[in-house]
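*Asks:* Residues per chain are reported as follows:
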Amino acid sequence: MFDLPIEGPALFSIPFGDIVDYASPYTLILFLFAALFTALAILSRPEQHADIIFGEDGVYTGRIPGPENRFQRFMAIACGLAAMGATVSGDIFNFCIFTSMVGLTCIGIVASSGNRHVLNAAFEYGIVTMIAMIPLFGGAAIVAATTGTLSIWELAGGAIAVPFVAKAFLVLGVMGEGMAPFYVAKAEITRAQGAPYILMIHVSSLLIFLRIIEIIITI
Amino acid sequence: MREREIREGHGSMVSRISRFISDFDNLVPAYALMIACVALIGLLTLPLLTYEPDQIYPKTLNPSSPLNPYDRGGAPFTAAEVHAQYPENAPYIGYVTGYLTPLSRFFAATTQYMGTTIVAHPGGIIDEILYYTRGLDTIVETSILFVAFAVASFLYRRREE
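Protein sequence lines, in the order shown, are assigned to chains A and B.
What the first sequence shows, in my numbering, is residues 1 to 219, in sequence order.
What the second sequence shows, in my numbering, is residues 1 to 161, in sequence order.
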């Protein structure tokens, strides 16, 4: 248990051996957001998109075929669960694994779109997600090698110095996984249908980005 | 209209950058450039990084052991010396790694060169760190594999429709 200026007091912790998940006010809020959107993905029905023809009165309602949607919902739920794991993780390597799972499920969500333009954007996005695993796990490896530990509780408080490169690699990896600053590519992706499921990409990337910023300030 | 667009893209620095990244084909080069910059900083600050000798998960190689590259020490039913970050969360620490099935004990007693076979067959060496103190990592890794197979099979099956 600890009490830090950014993190706030630790409310409770769930030990999984050396990996101790903990909830502070900050991480608990992120976790609840992820849980809320996962519940939305489970409960809500997919939206039906409407194509409006300009200059006329024509409005077409598109219908999304079933199996495609089921897969998208499955991936959205998996993405939400991974985001929930990442937000409360108390271990840097564990956080990295959950983050890469978020990236992979995001590829799954966009890959289930049938639109050619969306798939082209998703391809580029997938390449970035795959590359991003190198800086992500590289950063975790540098942390382990230079400090000898991976637990955020041990590293917190500035008693053990974590090198700048490791932090930069971690942020870069999360940026690539969640595409947090690359909203350009996401704008293409959001042309895909199925609103509640596509939203999960944005929510999860936002949450893991907020979490990694908190982690690098804490350690 | 076209000329105006081009002029917009060559205005200030910000508009030039935003025009560059608005094309998603430039996404991978932009990301690669960022990685290259950070890697360069990493290479320049490499002399400042020092290896911490006091690792929580130390690894030693004992070539004379029949379990050679995977030997974590310990005999069955006795506790081995295994480090953990939070020993209070792992009451059975040290007992897990020494476990061998009768078949793997036979292999270990017979030959020196079956270490990989013993670790790869079911009930072989149960790595304390992989399956006990850091078991959650292993579970999530398996989930990642499952998700990856799900995506791949979905994409493969879609071709037929």
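Please note that the accuracy of each hint is not assured.
[Said to hold, decoys possible] A few chain B residues that don't get close to chain A, going by computed Cβ distances all over 10 Å: (1) Ala32; (2) Pro63; (3) Thr101; (4) Pro122; (5) Asp127; (6) Asp137; (7) Ala148.
[What the hints assert, rightly or not] Some chain B residues judged to face chain A by a derived CB distance under 7 Å, without partners named: (8) Tyr31; (9) Gly42; (10) Asp54; (11) Thr60; (12) Leu61; (13) Asn62; (14) Ala84; (15) Ala90; (16) Arg134; (17) Ile144; (18) Leu145; (19) Phe154.
These are computed hints drawn from the structure, not numbers from a lab.
The structure presented is a predicted model; accordingly, all values stated were derived computationally and were not measured.
Using N, Cα and C, we set each Cβ at its ideal position, and we do this for glycine too.
*Asks:* Each hint: holds or not?
*Replies:* Now the hints, each set against the structure:
1. Ala32: The claim is violated: alanine 32 of chain B sits with its nearest Cβ about 7 Å from chain A, within 10 Å.
2. Pro63: 24 Å, holds
3. Thr101: 23 Å, holds
4. Pro122: Nearest chain A Cβ is 22 Å from proline 122 of chain B, so the label holds.
5. Asp127: Given a closest Cβ separation of 12 Å, the condition holds.
6. Asp137: Since the minimum Cβ distance to chain A is about 6 Å, aspartate 137 of chain B lies within 10 Å and the statement is violated.
7. Ala148: 6 Å, violated
8. Tyr31: 5 Å, holds
9. Gly42: Nearest chain A Cβ about 4 Å off; hint holds.
10. Asp54: Holds, about 5 Å.
11. Thr60: 15 Å, violated
12. Leu61: 18 Å, violated
13. Asn62: With a minimum Cβ separation of about 22 Å from chain A (threshold 7 Å), the hint on asparagine 62 of chain B is violated.
14. Ala84: Where the cut-off is 7 Å and the nearest Cβ of chain A is about 6 Å from alanine 84 of chain B, the hint holds.
15. Ala90: 5 Å, holds
16. Arg134: 5 Å, holds
17. Ile144: Holds - the Cβ of isoleucine 144 of chain B comes within 7 Å of chain A, reaching about 5 Å at its closest.
18. Leu145: 10 Å, violated
19. Phe154: 5 Å, holds
Violation of the numbered hints given earlier is confined to hints 1, 6, 7, 11, 12, 13, 18; the remaining hints are satisfied by the structure.
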